[in-house]
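As you go down the protein sequences, you meet chains A and B in turn. Counting in our numbering, the first sequence runs from 592 upward without gaps. Counting in our numbering, the second sequence runs from 592 upward without gaps.
Honestly, the hints are just simulated from the structure, not real lab data. Heads up, some of the hints might be wrong.
Just so you know, same-sequence chains aren't split out, so a pair can sit in one copy or run between any two.
To be verified - Heads up, simulated DSS-like pairs for lysine-lysine below, C-alpha to C-alpha not over 30 Å straight-line:
hint, residue 1, residue 2
1, Lys880, Lys709
2, Lys659, Lys619
3, Lys594, Lys734
4, Lys840, Lys620
5, Lys709, Lys620
6, Lys728, Lys741
So the chains spell out like this:
Number of protein chains: 2
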Amino acid sequence: MSKLVECVPNFSEGRRPEVIAAITEEVKKVAGVTLLNVNSDASHNRTVVTFVGEPQAAKLAAFNACAKASELIDMEQHQGEHPRVGATDVIPFIPVSEVTMEECVQLANELGQEIAGKLNIPVYLYEAAAKTPARVKLPDVRKGEYEGLKTAISSPERQPDYGLAQMHPTAGATVVGARQFLIAYNINLSTSDVNIAKKIANSIREVKGGYKYCRAMGVMIEDRNMAQVTINMVDYNGTPLHRVFETVKSEAARYGVNVIGSEIVGMVPLQALVDTAEFYLRLEGFDRKQVLEENLR
Amino acid sequence: MSKLVECVPNFSEGRRPEVIAAITEEVKKVAGVTLLNVNSDASHNRTVVTFVGEPQAAKLAAFNACAKASELIDMEQHQGEHPRVGATDVIPFIPVSEVTMEECVQLANELGQEIAGKLNIPVYLYEAAAKTPARVKLPDVRKGEYEGLKTAISSPERQPDYGLAQMHPTAGATVVGARQFLIAYNINLSTSDVNIAKKIANSIREVKGGYKYCRAMGVMIEDRNMAQVTINMVDYNGTPLHRVFETVKSEAARYGVNVIGSEIVGMVPLQALVDTAEFYLRLEGFDRKQVLEENLR
Numbered sequence: 592m593s594k595l596v597e598c599v600p601n602f603s604e605g606r607r608p609e610v611i612a613a614i615t616e617e618v619k620k621v622a623g624v625t626l627l628n629v630n631s632d633a634s635h636n637r638t639v640v641t642f643v644g645e646p647q648a649a650k651l652a653a654f655n656a657c658a659k660a661s662e663l664i665d666m667e668q669h670q671g672e673h674p675r676v677g678a679t680d681v682i683p684f685i686p687v688s689e690v691t692m693e694e695c696v697q698l699a700n701e702l703g704q705e706i707a708g709k710l711n712i713p714v715y716l717y718e719a720a721a722k723t724p725a726r727v728k729l730p731d732v733r734k735g736e737y738e739g740l741k742t743a744i745s746s747p748e749r750q751p752d753y754g755l756a757q758m759h760p761t762a763g764a765t766v767v768g769a770r771q772f773l774i775a776y777n778i779n780l781s782t783s784d785v786n787i788a789k790k791i792a793n794s795i796r797e798v799k800g801g802y803k804y805c806r807a808m809g810v811m812i813e814d815r816n817m818a819q820v821t822i823n824m825v826d827y828n829g830t831p832l833h834r835v836f837e838t839v840k841s842e843a844a845r846y847g848v849n850v851i852g853s854e855i856v857g858m859v860p861l862q863a864l865v866d867t868a869e870f871y872l873r874l875e876g877f878d879r880k881q882v883l884e885e886n887l888r
Numbered sequence: 592m593s594k595l596v597e598c599v600p601n602f603s604e605g606r607r608p609e610v611i612a613a614i615t616e617e618v619k620k621v622a623g624v625t626l627l628n629v630n631s632d633a634s635h636n637r638t639v640v641t642f643v644g645e646p647q648a649a650k651l652a653a654f655n656a657c658a659k660a661s662e663l664i665d666m667e668q669h670q671g672e673h674p675r676v677g678a679t680d681v682i683p684f685i686p687v688s689e690v691t692m693e694e695c696v697q698l699a700n701e702l703g704q705e706i707a708g709k710l711n712i713p714v715y716l717y718e719a720a721a722k723t724p725a726r727v728k729l730p731d732v733r734k735g736e737y738e739g740l741k742t743a744i745s746s747p748e749r750q751p752d753y754g755l756a757q758m759h760p761t762a763g764a765t766v767v768g769a770r771q772f773l774i775a776y777n778i779n780l781s782t783s784d785v786n787i788a789k790k791i792a793n794s795i796r797e798v799k800g801g802y803k804y805c806r807a808m809g810v811m812i813e814d815r816n817m818a819q820v821t822i823n824m825v826d827y828n829g830t831p832l833h834r835v836f837e838t839v840k841s842e843a844a845r846y847g848v849n850v851i852g853s854e855i856v857g858m859v860p861l862q863a864l865v866d867t868a869e870f871y872l873r874l875e876g877f878d879r880k881q882v883l884e885e886n887l888r
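One chain only, chain A, in its complex shape (with noise of 0.2 Å):
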């Protein structure tokens, strides 16, 4: 078993296959990390690039292709949907496992000093890694995307983190920072009524005074004639799975409604079944170096 840390940079490029190729091509190269995916919209001219690695292969794995990326995207001719202020708009590192957030943090500020100081491109520092609490929403540090952070910069608190407060004339600025892993997750309810998955939902939404780290709606599934709790779990060591199905099922206890099953959507850290089996079967003294899979890495 050995360190690992997820990285999921964004690039301002969804359109030229040859571009993708040669960008994910500097993250397979680099020994000790693992390409997971690669998801290429061309209406927002953008691509997702998921990999995992040993934390500072995907240091380097990032900086590499952040600076091809610079290399062979101008961002004085991107176009697209989806709000960027850089060639490599954004780069979180979010810790799966032996990993704290912590580390993640110094992993950041060491990629951005990096991207700064060898490529020439300002970086900001978001979510976990922000040093003041306007810059922890992307957003917030996106403001004005890459058109108008050319003349903002030069503001005061527009400020980067790491770099002058000038951006490279083609690349932009990059945003890098560190945030826990999301687990897309849904729960289906013996019931078609929306409102009450509605009402559900608000019972466990943070805004609405529910778990902390739970983002949630009520949809209607069509195609099943089904309501559903649709959540976003952003911090699973904060709130975690089996207390949120528990909740939602005493919810639903109250209006007369079961559930009928749950759905993770994509990938979930091993060490979020553990925490589930941990609960469930009251377990005593498990480490997850008992997992039979974990001594092969």
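Based on these hints, arrange chain B on the given structure of chain A.
Chain B in isolation, oriented as in the chain A frame:
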């Protein structure tokens, strides 16, 4: 993610470190195999080696270790408390991931043929690989041990499955097979009355009408003044952890006793934790490839 089997060969040597090291070195040398544990017992004069790997790599490692043991261990000189029939006494293959029991049975047959053909050691197949019901249980196959089998091997009912009906002059015979992963699982009760633990154990034991793949006893954990149901889950696919846990909880309630915790002793395959989470979260359509770490092997 790749096909993965566990292999747990037992060697009739627990006293000479240089011999044990030479045997385990044969396992370490094979690419695609990871040595997990080596457990030697001097009074048993026996060493249990645990490794995992891709099926063909695991077979090669098992063969090479068996060949080395046949060079270095002389059964004519061997004494120890544990029953045994050969230098390499027993070699079970255990499916871990992406591998069926049938594939492990096939692997046992291939290995048995090689050991008999290349090393002139007669091979018996046991457990899931057994060709007759009389050879399913290891103690039945090992009846008479090394000394007794020297003459018994020529009787029709003791003919080996592979090789001549004649013991190797120093390495004896070897038992090869396939079985399920065994999970050692304890459930702790809020009582110091061991009779309650014994009654609950009886409710889940196969021999008393309980679960087919469940061996259980009620015991007293003196230092915690606590009764415990101690369980061997001999096939967690056939009888899953959660079902045993829930039954123990329900049977305990009948005595006014609570389950205060449970313990997994040693290794557990990831699949058993995935199954637990699937049950309790009522997961729909979950694929273990969604476990992030599964993409790194």
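Against the structure, the hints:
no.	hint	verdict
1	Lys880 / Lys709	neither (39 Å within a copy, 38 Å between copies)
2	Lys659 / Lys619	within (13 Å within a copy, 40 Å between copies)
3	Lys594 / Lys734	neither (34 Å within a copy, 49 Å between copies)
4	Lys840 / Lys620	neither (46 Å within a copy, 52 Å between copies)
5	Lys709 / Lys620	within (20 Å within a copy, 43 Å between copies)
6	Lys728 / Lys741	within (20 Å within a copy, 77 Å between copies)
Hints 1, 3, 4 from the earlier list are contradicted by this structure; the remaining hints agree with it.
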